[in-house]
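> Let chain A serve as the given structure and place chain B on it in line with the hints.
The lines below spell out each chain.
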Amino acid sequence: MTLTPAEIIERFQKLLGEGLRNSRIVKRSEGKQTRESVQVWLTLDKSLLHSAVKQLADIHYPHLAVISGCDVGDVIELNYHFFIYYEVPNGEVNVTIKVLLPKTDLTVRTITDILPGALVSEREKQEFFGIKVIDIPDSRRLFLPEDFPEGVYPWRKDETGIPEDMVKKLYEVGKGECGMRKRDDNKQPGHEEKAP
Amino acid sequence: MNQSENKLKHNIKTVIGPNHPALKEPVKFIFEMEGEKICKVDIAPGHAHRGLEWMAWRRNCIQIIHLADRVCGICGVAHSMTFCRAVEQAAGIQVPPRADYLRTIYAELERMHSHLLWAGVAAMELGFDTLFYKAWEVREDVMDLLEYLSGNRVNYGVMQVGGMRRDITSDQIPRIKKSLKYYEDLFFQLADMFLEDSVIRMRCRDTGVLSKDMALKLSTVGPTIRSSGVAHDVRQDDPYCAYGDLDVKAMTPDMLGGEVHGDVFDRIIVRLLEVKQSVEIIRRSVDEMPGGEIITEKLMMVLLKNLKKAEGEGVGRHEAPRGEVFHYVKLKAGDESPEAWKVKASTYSNLMGWLEILKGEQIADIPIIIASLDPCISCMDRVAIVRKGKTNILTQLELRELSREKTRELRK
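For the record, the sequence lines run as chains A and B. Residues 1 to 196 in the working numbering are what the first sequence lists, from first letter to last. Residues 197 to 608 in the working numbering are what the second sequence lists, from first letter to last.
To be clear, the hints were calculated from the coordinates, so they are not data collected in a lab. Mixed in with the good hints, there may be bad ones.
According to the in silico footprint, chain A covers these stretches of chain B (three or more CB under 8 Å from chain A) [said to hold, decoys possible]:
{"hint": "1", "stretch": "282-296"}
{"hint": "2", "stretch": "419-429"}
{"hint": "3", "stretch": "464-478"}
{"hint": "4", "stretch": "518-530"}
Glycine included, C-beta positions come from ideal geometry on N, C-alpha and C.
Chain B with its partners taken away, still in its complex shape:
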């Protein structure tokens, strides 16, 4: 037996998932371990299928908006807005400026809500439960504000092709401003707790490093690529909605620490900076929002008729909390439903990054590294078709029953 075979013999394959080690979403990781060190990673998504594209071929564009709302549980605006923008391009619809500002406000509130959720999860993974509760306390208020504005805590249902379905009235603005002030105060507390804590620094500094070169080669997006030192932000590079008017800057970790490590700690810095940036963007949007209509075509029947006549291709793009979301829509004249609809979520682009950054790390660091990319499996994994109710795959209930059975047997 030569040396390499001998070495291979000691490698152990560890399977984590389909229940996610960090977030409670189904994805399977296969780690090849050499002692405590990970030497090879493979990933097997494909456990959460809804057949979204297939369903879209059987629905009209307005029905699809509500389907797109439900692509992700957190990004309720990102997907529906991107889909609407893609359809608007395909059908040649121009959105009134006020609607652009409203979209920006919702998108930024969503970013705050998502980043704060992430901050809580990251704290929990590291074992800082107090910090977790603190972050989620702020997030709770963002959700309350979203509910106050849209009527829903999740799946806001405010988007429409050609504009928005709901306006923000002048009597709602004081409440928004009050909340913004509250977030700002709490932000400094949170930043202090995250960035000044020596244990968090020890756990996260130089853990899960993604180099600038690799980040570019793997086409990663969002806070992941920015924390590797690439100032890539759709809001800055290719402004849409009101972002062009607001001069948004991409946040990179060197803005705070002066240098880029590309590690978990840098991802915390970038997200915290973005929460603060969101507060500023919302404040400016509310102040500078122009008056006028919020939708191009109010009558849904007319809109549907126009969309049925439209022919063409369109792309929509949005810097969602986790990174670039991209939709491609192709419309065919005479057809109510789109001929093609491709949803690209941010986690889809960051998938290759996982494999890269997990290499050489320790088992105990897996949860925080995976969490540091803020994966959203439901967004990425929405691609296959819904299967028959009966297969050989065990359902969660069945699994739980099996596990209980085993416990009972062990007790005997």
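Same shape as in the complex, but just chain A:
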């Protein structure tokens, strides 16, 4: 049975009660016939994330597009972009679950036990936001290089973000013949070569 967007929200309301802080339905349409595409946005307490995803999997096994995030001062927002009711023409519903992680407690429970495909996205959020995903099956870095400094998180906008001296400025690079430097030119003053 396919639930309407309002019924989906009702289900979550029943399960989460007060924990469901905010919910809204967004409809967008494009093209000549303007068929509607439906989005459901939910904001939850972060402790309820796992049970909410479980509930979603009960409604229909979801497809996770990605977990996006944003550093908004004292909090880090995480958006879990799910899609349900795929394989049906014009039937898909986007369910975005937003959780807020205060910077004093940057932890969130993993959802990989329900959706193993979330691992890549969770590992990425760990290294880029400096959050801790509890019970993650593989907590190694993924996209950052091995020698990237610890405690620097590229998507943070506070003091743990990218320091100015790590940024390579385009106008300072590639001076010399055809933009290519010889090996010896890498040894510039102020940079001591360290053994790997």
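Positioned in the frame of chain A, the structure of chain B alone reads:
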């Protein structure tokens, strides 16, 4: 020493990469081999960083479109279009229907160009160089057509928030139709060469199998999930642009062979079917394209001012040639640049699929299996920050010099 330790002793770790075994893009695979068989796979991306999101925080939305154009070398429309759609939702902008049709035409041309490129690469991996040249000959014509329409062979630069920057005029339509006819004729030749060849069938049938269950669990996208028998296509499930008007169907391998194997051969079938489908979509779009404006706000200064005032969140989604591309944009009133921008490329979602399908396969099949997912590392791997010019990591030039040095030493 017990038996399991004894067994472990014979396993050999083989590292392939950071230069990609199939495509010339940097990603590192660590294979644990038991003889010729792969028993464990690990992947280490993170060799091609540009710090795109970081750059976006320092640019306005219109500048970012051109950054998004360059996320990928092949999907020049996918990322910029998805970004524009996300911004349009965040700022509440409605796109004129003609622009929706133009976007569809470009997106489908891009799909053909990408799938044909892939077909060529796959043929090359299998050692069929004639087929490789044939596929790229057709692709060359698609690129010429794209150049004819947009002015560029890659990085088309036609997208704008609220519409398109370039129209397709009525005198351009005969050329489009002529090319479509040419692709259709060549398509049957190509399909014949790929699907009727017994060697290709032997190499690809039941190689690199991804089951339907695993495909769903790992949230894979695009031709990868479709060839496992899941009719998941953003153009069908959640229509956008003109796709809602055109009734697009998701292509699954059972449409041709009657059954689903989820192997490399099925991925070839799905992509070939999609090339044909693209020709039909473009033909219908050109015929049914409505008239009128192609952009909501022509004056860029006004558009920038409106975007600066806008506040909200938006998501954009597009079925790129390799699968779903997803962008999330958050705008803050009073700020020219977005507060957040997340790019999710198709390969990002298919990453887990690689590890699954490579297990139990042979070394010699690695290139074609990896190529069968059509990975695009530059899309996926655009996440970290640009590092200092000087690190301990060897540059390609340095590596090449080292390798030459070694050859010289060996010659002595």
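> Flag every earlier hint the structure violates by its number, smallest first.
3
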